[in-house]
Amino acid sequence: MNEPTIYELSSPGRSGVHYPDLDVPKTALPVGLTRNILPMPELSEVDVTRHFIHLSQKNYSIDKGFYPLGSCTMKYNPKVNEEAARQPGFLHAHPYQPVETIQGSLALMYQLQEWLKEISGFVGITLQPSAGAQGEFVGVMVIRAYHQSRGDTNRTKIIIPDSAHGTNPASSAMSGYEVIPVPTDALGNVDLEALQTVCDSTVAGLMLTNPNTLGLFDQNVVKVIEIVHKAGGLVYGDGANLNALLGICRPADLGIDVMHFNLHKTFSTPHGGGGPGSGPVGVAKHLVEFLPEPVITIVEEGTDEIPPLYGFHKPAQSIGRVKAFNGQFGIMVRAFTYISMHGPDGLRSVSEYAVLNANYLMTLLKKTYKLPYDRICMHEFVLEGHWSDAPGVIALDIAKRLMDYDFHPPTNYFPLIVPEALMIEPTETESKQTLDHFAEVMLKIAEEAHSSPALLKEAPHNTPVTRLD
Amino acid sequence: MNEPTIYELSSPGRSGVHYPDLDVPKTALPVGLTRNILPMPELSEVDVTRHFIHLSQKNYSIDKGFYPLGSCTMKYNPKVNEEAARQPGFLHAHPYQPVETIQGSLALMYQLQEWLKEISGFVGITLQPSAGAQGEFVGVMVIRAYHQSRGDTNRTKIIIPDSAHGTNPASSAMSGYEVIPVPTDALGNVDLEALQTVCDSTVAGLMLTNPNTLGLFDQNVVKVIEIVHKAGGLVYGDGANLNALLGICRPADLGIDVMHFNLHKTFSTPHGGGGPGSGPVGVAKHLVEFLPEPVITIVEEGTDEIPPLYGFHKPAQSIGRVKAFNGQFGIMVRAFTYISMHGPDGLRSVSEYAVLNANYLMTLLKKTYKLPYDRICMHEFVLEGHWSDAPGVIALDIAKRLMDYDFHPPTNYFPLIVPEALMIEPTETESKQTLDHFAEVMLKIAEEAHSSPALLKEAPHNTPVTRLD
Amino acid sequence: MFIPHTEEERAAMLRTIGVPTIEDLFKDVPAKYRFPKLNLPPKLSEMEAMAQVQEYASANESTQDMACFLGAGAYHHYIPAVVDSILRRGEFYTAYTPYQPEISQGTLQAIFEYQTLIANLTGMEISNASHYDGATAVAEAGVMAYHNFRGKRGNIVVSPGVHPQYRQVLCTYLCGYHNACIKGQDLPALSTPSDLIPLIDADTSLVVVQYPDFFGRIFDLTELANAVHAQGALLAVSTNPIALGLLKTPGEFGADIVTGEGQPLGIPLSYGGPYLGFFSTRKQFAHKLAGRLVGETVDKNGERGYVLTLTAREQHIKRDRASSNICTNQGLLALAASVYLSALGKQGLHQVAELCYHRAHYAAEKINKIKGFSVTQPAPFFHEFMVKYPQPVEEINGHLLDHGILGGFDLGTAYPELAGHALLAVTEMNSKDDIDYLCEVLEEAAE
Amino acid sequence: MFIPHTEEERAAMLRTIGVPTIEDLFKDVPAKYRFPKLNLPPKLSEMEAMAQVQEYASANESTQDMACFLGAGAYHHYIPAVVDSILRRGEFYTAYTPYQPEISQGTLQAIFEYQTLIANLTGMEISNASHYDGATAVAEAGVMAYHNFRGKRGNIVVSPGVHPQYRQVLCTYLCGYHNACIKGQDLPALSTPSDLIPLIDADTSLVVVQYPDFFGRIFDLTELANAVHAQGALLAVSTNPIALGLLKTPGEFGADIVTGEGQPLGIPLSYGGPYLGFFSTRKQFAHKLAGRLVGETVDKNGERGYVLTLTAREQHIKRDRASSNICTNQGLLALAASVYLSALGKQGLHQVAELCYHRAHYAAEKINKIKGFSVTQPAPFFHEFMVKYPQPVEEINGHLLDHGILGGFDLGTAYPELAGHALLAVTEMNSKDDIDYLCEVLEEAAE
Ligand SMILES: Cc1ncc(COP(=O)(O)O)c(C=O)c1O
Ligand SMILES: Cc1ncc(COP(=O)(O)O)c(C=O)c1O
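Chains as they are written, first to last, in this note's numbering: chain R, 16 to 484; chain V, 16 to 484; chain G, 9 to 455; chain Y, 9 to 455.
Calculated from the structure, these hints are not laboratory results. A portion of the hints provided could be inaccurate.
List time: in silico DSS-like cross-link candidates among lysine-lysine, alpha-carbon distance up to 30 Å [said to hold, decoys possible]:
hint, chain 1, residue 1, chain 2, residue 2
1, R, 132, Y, 35
2, Y, 396, Y, 377
3, Y, 160, G, 374
4, Y, 396, R, 245
5, Y, 440, Y, 377
6, Y, 51, Y, 40
7, R, 300, Y, 40
8, V, 132, G, 45
9, V, 329, G, 160
10, Y, 296, Y, 160
11, G, 51, R, 41
12, Y, 160, R, 172
13, G, 35, V, 385
14, G, 308, G, 291
15, R, 329, Y, 396
16, G, 291, V, 238
17, R, 300, Y, 35
18, V, 381, V, 459
19, Y, 326, R, 472
20, G, 308, R, 459
If you're wondering where the values come from, they're calculated on a predicted model, not measured in any experiment.
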């Protein structure tokens, strides 16, 4: 069913929310500076409610079913997070309130910084970045500031593996760097030789995703980092895949210098149909002074009776601000709540079961779908969605056919190094039953691809619209 | 799609919400008094969320579309009501809190009593009844107590028009009365002659619905009431149809002695898939002392600076309690909010537009559907859903076919005095566009009933299940 | 706002109807009573209405601001966030009674599951779709038993351990019935189930007890059940659903009807309502059951579906011979209970029940040691226990209130013989620290 | 809880995989770094976690407890209940970027409508799907302009009347770009648009102003726009969406890019985020626009549908030559803005804007009359105005705080030359009574 747009639903003269009558004298409006028409829709509240309810019903969502969108960590979003973030004391706090009136928020942010440090091994954290990509930008700018602070101004390149997410090269370019790709070897690791070759004194750093976008933990990660460090470069870690590593391995321990977290992935804050996210950045000791402002800090130590006074700190050589105010606070509350409810063992379980689920599903599927890098994976894995004896069927067709079975498809066509990629990340919140059912359907679709490919080519069949380009 | 039950989704050993570990010593459990098996389902939170989201998606609701279910006043439920009722100070108040700690709730209830008095013309109000039917029971018991208090113990009958809702006779019977039906005359009014005949000294009262369930304002209502009063009986008003009368006519002014309100109809509190409702009862002066306890009252008058102290009052000859605690408080908050947002003019508009909508829709449909009582209606009207030249098609088929067009059907087979009744109550919150669209579909279905009746007989076609009996 | 009509639309509609003004639609209303001026405050905008409501709400102190040791039929439990997340779905709360099953499968299946959960929790065979609250559920048990014996057995024996307000409601409901008589009201407050046995005779239709009783006491009901059945009467047990996470079910004792207040199952205290009356019984009484009942069926394609069943019992059809007048019930709260029980599950419910049990006993033991206070009632109990105070309960409660504690129910208000006794309730919301703090303040109060 | 696996399921899965334990799945992790012990507090149950969060939240005082006269880029407006009722729909908030349009039509149509609303509100042709906030929207305007001239015009002229933090963010974003230079930062704080004109030359890619500016001042931008265009540069206007309920649009002045902070459109203050950066421009720049863009199309049955369009601009495809790195944006907040604008509609938005406008002027006039206080800035202004205080702003604000008032922004912290001046904001939430009370307390403070 076609849902009209809000403008199509509009009826001239209809009024929505009412406001109090004016209780003060009117002041003349600025002559020549008022608008003549205000082309906003005119609806009653029932129109608005029904319209958006109808729209919502056209969406797939985690709350509805399995959403194995690789690289996105579509885990279940606990409902308690939503209540936590809506506590009136949080919800109605103004970003410029005097710090004495806002100690609750500041204490929470401080605590979250400390926890993220402990989880990752980093020494400094900024909570300011709005999402992963902005975290990358911050991280690369921090690398840049570091080199500049040392007068090391010849470093103009950032090395990025060919499996990396598109935001990595884009963030590097935004920071003024030339991007040098390095290939992936046959085992799915960074090609060491190729890396060696490009690592010279013009290299500012490497952006490494580990586990990488194939879902594989780089077996030479320590070596990779060593090579870059030897060349005087720093290593940026793309933390989008941290859901594999909680309590398993601390990125800073491996030698990574700076990394972003995706609170909206690893720490279960919802994805909101495309945001908001939150992309805090952690840094090793030598980079702490370059973090963007503000960092939350204790400005007056507390005692047994009196809690400490929290406030802001601007690092001495800060790269500056990347966002107004104090970051995506509401998202921090959700991540804070999530971490509180897991504790150290619970967090480790998260990664353990995320990895268990991925390996289980991979095992069920790899006989039928080509698995280009066949080894134990981490929290996700990448299959190829095509067969030589089913010509014409491509990964996209499989994706669309999955919709007929009420599943959200995996990520398509990423990473670019796998042809017809189907990137599958089940997350730890999905049950064996769900995985079994998904595997069953995937095998059935593989069969259909051979026996009745039209079923795939014409899919989806039951969605509000048919296939759109 | 079949949704498994929560028991079918259960997986032995799976755990849901966690609780703190025990922080006190254990006490022995009572020997022989513990249960061996606790047959509750075992699910994770994601299972629970998805299950109930799937179920919700199988429901029609006002938030989704037009719901012209006659006699139920399915008006739009303002979202602000939901926030109002969830204010922490209301939500977490215990019913036995000392009155000094609960003045906010009591003041709200007191105010609501006062407003309901003003709207209806009654002198006393109890907010205690849980729904309309319980309000009826209270009202009839009040009538009973009144007669008993006067030593008038011969009155064993309650007169009820044949158009009345089933709860009326059921409530009378529960109160120990014999039910005497009176017919409806050709114009849709109570048959005066018949009424005269049955009105004698054994009559305790009449239960009158006005506007009646045909949606018609009884043109002889004053006379009807006079007849009953003359016989020494009292008149109970079924307030289910009050949505036609706000600011239009106060039932007490007509001479009605006691009436229930349906807060979940007239005052927009949601219907909850079958409740909760709330059914306050208003009474004229001579009945005030029979109201159930508690009535909210001012126990200490306030001053300009100090607000009054609110508390409870037990009427001297109270019929007793009909519910534990203080009534459906959360529903009262919603009704209170709704009345606040309307004021006297807004309430009158509610009824005016409810009646306008009904008459408009009736005009559009009455050429095609038989309208057994053809005169200006109030907030609803009743059509006949059958045609002699479309044999086999009955009202139920029309109802089911409406679902194919994404409408909720009207009330079917009530009132009983209209064959193949389709009882249509559009309410004031529906727009002309919605009514036009509904009328168009109704006319189309009438055509289909003649040209392709199978379409109706096999309807609905697109629902989660086909027609169920 | 909520009325969408524009001026033009109104005019067009009036033209279609053929009347000049809206006022003309009201000519049937006697002119002298037509269009009364209502003396109500002028309308508020949404933001003003919310501000007003917030003002009222903040004039309350609530269990969110105080440590709550008050129970007596309404309990302060934690409600997992998932419960309200489902209750806020417009698809559920803006639907009505599922008269049209094809577009109400959500509500119907949810009620069906609720019925199953309640039957399983209480150890019975069937459950209805809900009653208004725990009190009316007891009253309807009385009505059902009365009808079951076609009015020939007028007596209902009720334990004084049944919630005082439930007993009052039962009286109100039954007083219209010929010959109906409520017995047991003059027994001592702390009578035990066996004290009821002498009152049961061939005129008894029903015996009603509460389990755990109003004082929190847990009694074995086997002997009573046998005595009831020996007289051919029915046994109704009003129970606490959280306690059944731990305790033997009324069904196992042989109860014929099990009722209770479902509020502890994920329903906010909300100053006493809306709550949830649950009601379960044996299959043989299906036709006598009040209210709605959902059953499973299949459609013509063999697809499973749910429908309102046995509607012939209801007043729409049976009118004055219906088994009850209940129509709108507590649908949304039944849904809350289903989500709550599903979300906690077997482990969670058991854990909550254990927390309540052990903490209540810890509290009782500790209070009993405070000078001047005594817990005379022997274990076991659930949720609640009775404490004798050294001063009037109101006074002590006042002192507690000053220290941010909502004290126990003053038993003297309902049982004059128990003046000076309070009923203290402990749930999973009262940590050991809370209990210890309560004890401190009590000790201080008595000084 | 959130991990559903039972012991048996885990064992069965490990068997299928062919490893004995979960630990065996982590052999690629260097042994010496494997399984670090995390020093974090032990896990809390949901009820404990909520209690903890409530404790933190209640350690804040918020605009719900105080009369708020603080703005400076984040405004205290009423949010109609319908907004959150939609945002709470799991279908919206637990979905992600609509990569698969057939099962994301809800999100896609909502974004499409958002784009239309923003374009209409700002008087522009197209809008993207959102930026992180008002600050990064300005920064991305800078980046876009830079790219538009292929880096050949390095200068960006920025008015000091642009939010101080927005200017900082712009600097951070641009500093990696060869030759980029931000001009205008050393102009006097209260410069007007015409003061910028001398700085514009053939090396200027972009001129950025705020409208109404940071001080609330409303200026005619016609002359500036002409000057900008005369030099072949672009004009970006960072605007206040509520003000546009009343004021001439930036589009009408000839702006090339309009950005702004969407927080006032139904988004809670939430201590500064998540908020919403909006960004609209002319069609000709569609290929230069950062972020997501939704377009309308039809499926093979002619059914209307919505898709992500022009994705070739995005980093998935263009990688290091993408116009921006933005990926996850502020989808849910864009939805909030759509619901807000739809719910208020033409009348409501106009009414809110009028309330803000007239009340702010009322407040300014009244404060100006208080001894020691002066409003030096001439009308007209929107939301905000500058007041010279007789004592340090911090002191006066401390006094206000003691009286339950959240005072204005201390301009000295951002503009040293304006020390002693506060920026006071007035919205529909500040009634005449609130304003009168503020004046009383101010008067008292100065005594
Ligand atoms: C591997 C990887 N890196 C970076 C990002 C960018 O993160 P965000 O979308 O939060 O900006 C993503 C997002 O999908 C990702 O998958
Ligand atoms: C005319 C009439 N009277 C009484 C009632 C009973 O009201 P309730 O369902 O609130 O008990 C109804 C309910 O539908 C009704 O329509």
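Results of checking the hints against the structure:
{"no.": "1", "hint": "132(R) <-> 35(Y)", "verdict": "holds (24 Å)"}
{"no.": "2", "hint": "396(Y) <-> 377(Y)", "verdict": "holds (12 Å)"}
{"no.": "3", "hint": "160(Y) <-> 374(G)", "verdict": "violated (81 Å)"}
{"no.": "4", "hint": "396(Y) <-> 245(R)", "verdict": "violated (58 Å)"}
{"no.": "5", "hint": "440(Y) <-> 377(Y)", "verdict": "holds (16 Å)"}
{"no.": "6", "hint": "51(Y) <-> 40(Y)", "verdict": "holds (26 Å)"}
{"no.": "7", "hint": "300(R) <-> 40(Y)", "verdict": "holds (21 Å)"}
{"no.": "8", "hint": "132(V) <-> 45(G)", "verdict": "holds (13 Å)"}
{"no.": "9", "hint": "329(V) <-> 160(G)", "verdict": "violated (33 Å)"}
{"no.": "10", "hint": "296(Y) <-> 160(Y)", "verdict": "holds (16 Å)"}
{"no.": "11", "hint": "51(G) <-> 41(R)", "verdict": "holds (22 Å)"}
{"no.": "12", "hint": "160(Y) <-> 172(R)", "verdict": "holds (22 Å)"}
{"no.": "13", "hint": "35(G) <-> 385(V)", "verdict": "holds (23 Å)"}
{"no.": "14", "hint": "308(G) <-> 291(G)", "verdict": "holds (27 Å)"}
{"no.": "15", "hint": "329(R) <-> 396(Y)", "verdict": "holds (28 Å)"}
{"no.": "16", "hint": "291(G) <-> 238(V)", "verdict": "violated (49 Å)"}
{"no.": "17", "hint": "300(R) <-> 35(Y)", "verdict": "holds (28 Å)"}
{"no.": "18", "hint": "381(V) <-> 459(V)", "verdict": "holds (14 Å)"}
{"no.": "19", "hint": "326(Y) <-> 472(R)", "verdict": "holds (28 Å)"}
{"no.": "20", "hint": "308(G) <-> 459(R)", "verdict": "holds (28 Å)"}
Going through the hint list in order, the structure does not satisfy hints 3, 4, 9, 16.
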